[in-house]
Structures are given as C-alpha cells and as structure tokens.
Amino acid sequence: MRDASDDEDIRKVEEFLRGDSKAFEFLFDKYHDKVYSIAYRFVRNREDALDVAQEVFLRVHLGLGSFKSGSRFFTWLYRIAVNRAIDFTRRRKVLPISGSESFDLENWAEDPGRRTPSPLEVAQEREIEERLAEAVSRLSPKHRAVFVLHASENLSYKEIAEVLDCNIGTVMSRLFYARKKLQEILAGFGFDLLGTQKGR
Amino acid sequence: MSCKEYAWKIGPYVDGELPSGERNGVEAHIQRCEDCREMAMSFRALDRLAGGVEIPSVSGREWAAMLEAVTASAPAQPALRTRRSWEWLLPVASAAALLLLSLFIGKTFFEGQQRAGGDVPLAGQESGVSGRSPLADKPGPSLQELPEEEELQEESVVDPRRADSRNDPAGQGSDF
Ligand SMILES: [Zn+2]
Numbered sequence: 001m002r003d004a005s006d007d008e009d010i011r012k013v014e015e016f017l018r019g020d021s022k023a024f025e026f027l028f029d030k031y032h033d034k035v036y037s038i039a040y041r042f043v044r045n046r047e048d049a050l051d052v053a054q055e056v057f058l059r060v061h062l063g064l065g066s067f068k069s070g071s072r073f074f075t076w077l078y079r080i081a082v083n084r085a086i087d088f089t090r091r092r093k094v095l096p097i098s099g100s101e102s103f104d105l106e107n108w109a110e111d112p113g114r115r116t117p118s119p120l121e122v123a124q125e126r127e128i129e130e131r132l133a134e135a136v137s138r139l140s141p142k143h144r145a146v147f148v149l150h151a152s153e154n155l156s157y158k159e160i161a162e163v164l165d166c167n168i169g170t171v172m173s174r175l176f177y178a179r180k181k182l183q184e185i186l187a188g189f190g191f192d193l194l195g196t197q198k199g200r
Numbered sequence: 001m002s003c004k005e006y007a008w009k010i011g012p013y014v015d016g017e018l019p020s021g022e023r024n025g026v027e028a029h030i031q032r033c034e035d036c037r038e039m040a041m042s043f044r045a046l047d048r049l050a051g052g053v054e055i056p057s058v059s060g061r062e063w064a065a066m067l068e069a070v071t072a073s074a075p076a077q078p079a080l081r082t083r084r085s086w087e088w089l090l091p092v093a094s095a096a097a098l099l100l101l102s103l104f105i106g107k108t109f110f111e112g113q114q115r116a117g118g119d120v121p122l123a124g125q126e127s128g129v130s131g132r133s134p135l136a137d138k139p140g141p142s143l144q145e146l147p148e149e150e151e152l153q154e155e156s157v158v159d160p161r162r163a164d165s166r167n168d169p170a171g172q173g174s175d176f
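Protein chains in written order, with my numbering: chain A, 1 to 200; chain B, 1 to 176.
These are computed hints drawn from the structure, not numbers from a lab.
Treat the hints with care, since some could be wrong.
[As the list claims (entries may be wrong)] Straight-line Cα separation of at most 30 angstroms, DSS-like style, residue types lysine-lysine; simulated pairs:
id : chain 1 : residue 1 : chain 2 : residue 2
1  : B       : K4        : A       : K180
2  : A       : K68       : A       : K158
3  : A       : K158      : B       : K4
Small disclaimer: the values here were computed from a predicted structure and weren't measured.
Next up, chain B with everything else stripped away, as it sits in the complex (with noise of 0.2 angstroms):
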C-alpha cells in the first residue's frame, strides 16, 4: 500500500477510529514512513491547540438572564440583544410585511411612474407579487435575511446523499 493510500487512515487511526484490523497496518506504515509520521503527529497538534483555544467565560448571571428570554419564548423580550434573538421567530409577520412593503412600494412606483416617467429601477415594477424582489435594492435586514439563510445552508452542509433521511425539526435550525 502506498503513503497516498495510507494518507486517509492516518486521521481515523490518530482518533482512534480506525477499525483495530487496520490498526497494526497503519501504525507499522507510520513507524517507517517518516512523511505519514508527521502527518500523524501535526494532525495530533492541531486537535491538542485546538482544544486549547480559550472560550471567554459567561457568568452565571448572563445564563439565568438568557434562560429568562428564551423561555418568556415571546419576541418582545428578549434579554440579552434583541437583534437577531426575534427576528427568526416572524416568518409570518416578515412574509406579511414584504407583501405589503411590495405592494406599497409597487403602488408607490406606480403612481411615481405615472406622475414622473419614474426612473427607479424597482423590481416590483415587473412584478407585484414576488414578495422578495421589491426589497432587492434596500433592504431592511432581518426581511431580507429569512429566505436566504436556508437555501444558503442547503448548499453549504447538507450532505445530499443523505438530505432526505434528514430529522428535520419543523425549521427549527435543523438546515443540514
């Protein structure tokens, strides 16, 4: 067997998860080859830094007040920072908005165009339906960020293979 078809168990057998009937295999290969010993020995390293790395620590006061938010559960309160603490929580609220923001605004455009000749190039201008398209040029974030962020995840995590198979939590954040 060649370094090349070692190279993928060195990591397995540095985290003991290789199969024991490919232990003996691996470990005499790495005992000769000094190119698969180092390999062994920096990925060894970076698992050892990496648990090093200091987490900055939370008070016990900082839990109980997020415990507090998180279980008043109700978008008006949460504790520590409401930004990005609500905004999920309003797929509704948000889809609504959009839709009166678009039709506003296509309304708005509209009656601009028809005063003025209107040379804003507004998406809702093609159409007044799509909800999303209006918000192209401004938009407001926490609108513009729902869509996005699942089919920006489908494409980063999920393994396709196994999309399927997937225990998906109703959009609870499970977008793998």
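Chain A on its own, in the form it takes in the complex (with noise of 0.2 angstroms):
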C-alpha cells in the first residue's frame, strides 16, 4: 500500500527525529503547496491559506515524534491541514465579518455579471468555477472536507479515508451528498451542470 514516495516521507521523518533539519526542509518542500492548496479551498483566501499552511508546519515541526510511522505521513499531515483549515473557517465565521466581506479578496462576488468582461467561454467557465468555489463553501465540514481531497487534490476513496480517519463507505456517502449538495446549490444560483458541459 505504501509507495515509494512515502518510505521516502518515512525516512525523512526518521532523520529529522534524529536532529537532522534538512529533513524537514525536504518535507517542507514537497509538501508546502498540497497543504496551502488544502487549505485554500477551505478559506478562499491568500493570507489566510498561509496562515493556515504555516501553523499547520508549525505542528508538524513540533509533533512529528509523535507521528505513527504505521500511517502514511501525507495522511497525517493533510488531516492537520484539513483539520486547521476547518477551524479557521469555524472561528472566521464567528467573527463580526460578513460573509461576503471575508470573500471580498478575491472577488467571489454575489454577483458574477458585475465582473470585467471577457472572452465569452472563458468567463462563463470562470464564474461557474468561482460559483463552486462559493458552494463548496456551504458544504458542511466534512462534506466539504470529502469533496475537496477528492475533486481537487485527487485522493482515492481509501486515502480519504486514511486522512479523515474514517471507512471507505463512510466517504462514499459523504461524496455523494456533497455533489448532490453542489448540484443544487449551483442550480440555485442558475448554472445547469450538463448545460455548461455542454456548452463548452
């Protein structure tokens, strides 16, 4: 089941527990744009993907002894990241900030019309993209948890469920709700999925 990326991640671990930083440098660096883009999809925001990315090194840097080398080290690691990207929605939302204005950055706006023009097909796939954006952003947290380590960072069923530490089929039925969810959502706010498909 192991590969040979993650012996390599195993080793890697291994020798920074045996004070060797460079390990952690490599780890760092293969890992540094799975975990912001984790991240992102949470909290749809530059500066706050990073927030989350370096607290998420962070704990990795202070707690990899306690890391269990019977897992896959990308497993616990995306189970932190996903793990702080849901908290930072979860406290952001608390916060005195409108929904909208946390988005305000990069222009995930209410009103996709409003946007500078384009290329027609560009532009429709554009606004349908930040549209999922915005619905994923209405999943739950473990709906939305499932879909982006699926559609995005494209985990397999099993990886899924290693990182969220949960059965296969508890995945499978959180993938499906989340589409289901994402289709109505989207027809809520006028997109035809097999229209735009379609259209392209």
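From the two separate chains plus the hints, produce the assembled complex.
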C-alpha cells in the first residue's frame, strides 16, 4: 500500500527525529503546495491559506515525534491541514465579519455579471468555477473535506478515509451527498452543470 | 435494480472506484437510463470544475520565510502573520493565564461586590476555579478559542465509529 514516496517520507521523518533539520526542509518543500492548496479550498483567501499552512507546518515541526510511522505521512499531514482549515473557517464565521466581506479579496462576487467582461467561454468557465468554490464553502465541514480531497486533491477513497479516519463507505456516502448538495446550490445560482458542459 | 440503488454507485463508477464486477452493470444501466447518465455527467463536471479553480501563487521567498518561521518554532518569531501562528502553541500558558485571570476577576468582582453590591454578571462569581467561564463575556480571542476548537472538530469530522482507532499525534492537530 505504501509506495516509494511514502517510504521516503518516513525516512525523512526518522532523519528529522535524529536531528537532521534538512529532512524537515525536504518534507516542507515536498508538501507546502499541497497543504496551501487544501487550506485555500477551505478559506478561499490567499493570506488566510498561508496562515493556515504555516500553522500546519508548525504543528508538524513540533509534533513529528508523535507521528506513528505505521501510517502514511501525507495522510497525517493532510489531516492536520483539513483540521486547521476547518477550524479557521469556523473561527472566521464567529467573527463579526459578513460572509461576503470575508471573501472580498478574491472577488468571489455574489453577482458574477459585474465582473470585468472577457471572452465568453472563458468567462463562463471562470464564473462557474467561482460559483462552485462558493458552493463548496457552503457545504458542511465533513462534506467539504471529502469533496476537496477527492475533486481538488485527487485522493482515492482509501486515502481520503485515511486522512479523515473514517471508513470508505463513509467517504462514499459523504461524497455522494456533497455532490448532490453542490448540484443543488449551483442550480440555485442558475447553473446547469450539464448545460455548461455541453456548451463548451 | 432500481435507479435508487444505482445512484450510490454512480459516484464510485465515475471515480473509477467501483469493483470491476459491478462496473458493467452500472455502465449498462447508465446507457439506458437518462437520469443516471445525467447524474454521472454532472458528477464528472463537478470534479473537472473543482480541479480548475485557480489557486493564487506563492513566491519562493514567501515559502522560505515560512520555513524559517516554522523551523525557528519559537512562539515569538513567526514570519508571516503572528496572530494565528503561535496562539495554539501556548495551551499551558493560556491555561495559566485563564486561571490567573479568573482568580483576578473573581477577586476583583468579590471586592467590588463587597463595596458596591456588584451587578456585573461574571461567571467567576459562581466558580473561581472553572478557568473558562469568567471569560464568557469578554473573551480574549486566543484564550477563548483554544478549548473550543477541539470540541467543535470532534463534533464535525470524527467518524465516531472510528474515533478510538485514530492515529492521534498527541494533539498535533489531528482532531478527526
Ligand atoms: Zn437510472
């Protein structure tokens, strides 16, 4: 089940625990984009995603000693990333900021028609991607986690189950409901996924 | 088999996660059932769109700064943004601060009440040792958030059936 990349990670963890700081640097370089990407899918704001990523790596740096080498490093890491990202969005929710304000940075507009006009197809594609990101942010944390890990990070069901510490049946069920819910939210925005696809 | 029964298999079919023994059956159903076919197509469309969402880039310099901050691992030196980077590092300090604060508020309140009759509804009045309740009205952000985050995440993402078997890295963020 473990591949060469997983073995390499475990080796680096062991080297780090023996005092080799370069080994941590290796893991950081290997995974910072992934951690940042996961964080970004949740928080949808560059600076916040960087904040989350830094917090994740701080935890990893201090907590590698408690990593159990029977599991795969990346699933442990992604679990921390998802957790921190969810925690971040929860904390942001209770802050006295309106939902739209917190997304202003990326201009995830409520009204995409106001965006700068560009060639129609590109605009349509961008628009629906943005709406999808908005829709994903409306999912419950557990549905969002499964959808992000599957659709954006391309993890297998088994890997997602490892990250979220649940069984594959739970992953399947959450993914099914996440997708149905996303369809529903997008339909509410006036998007027909199939229409968009056919129109491309 | 009805559409309802096939519906559960369409996601795994689209994702290539269906056991080969079941693939043909789902495929055949999708060929003749428009609803299920549309479901499969829209699941695919969702995945494709999700994969296309653009992520703002981060420069090598920024990553280097982050690595430096992380490996310094001292609460006082986060490079990017300090606010959320270090607050979790101080559970002990936070607990101590809470205790001190609760004692202080409790004491202040008690003295104030002795002097003026005290109409401030501080929870410290009920319990000087709970450590959290005295902050219920005006919590400092970092002090308040620490205990709550664990509870919230347990509730949302842990599969209770598996909670006992998790690889818990000593509280290093693995709250699933
Ligand atoms: Zn059908």
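Cross-check of the supplied hints:
1. A threshold of 30 angstroms between alpha carbons decides the hint, and for K4 of chain B with K180 of chain A the separation of about 14 angstroms falls inside it, so the pair holds.
2. Simply put, K68 of chain A and K158 of chain A have alpha-carbon atoms about 18 angstroms apart, close enough for the 30 angstroms limit, and the pair holds.
3. With a C-alpha separation of about 24 angstroms, the suggested pair K158 of chain A and K4 of chain B falls inside the 30 angstroms cut-off, and the hint holds.
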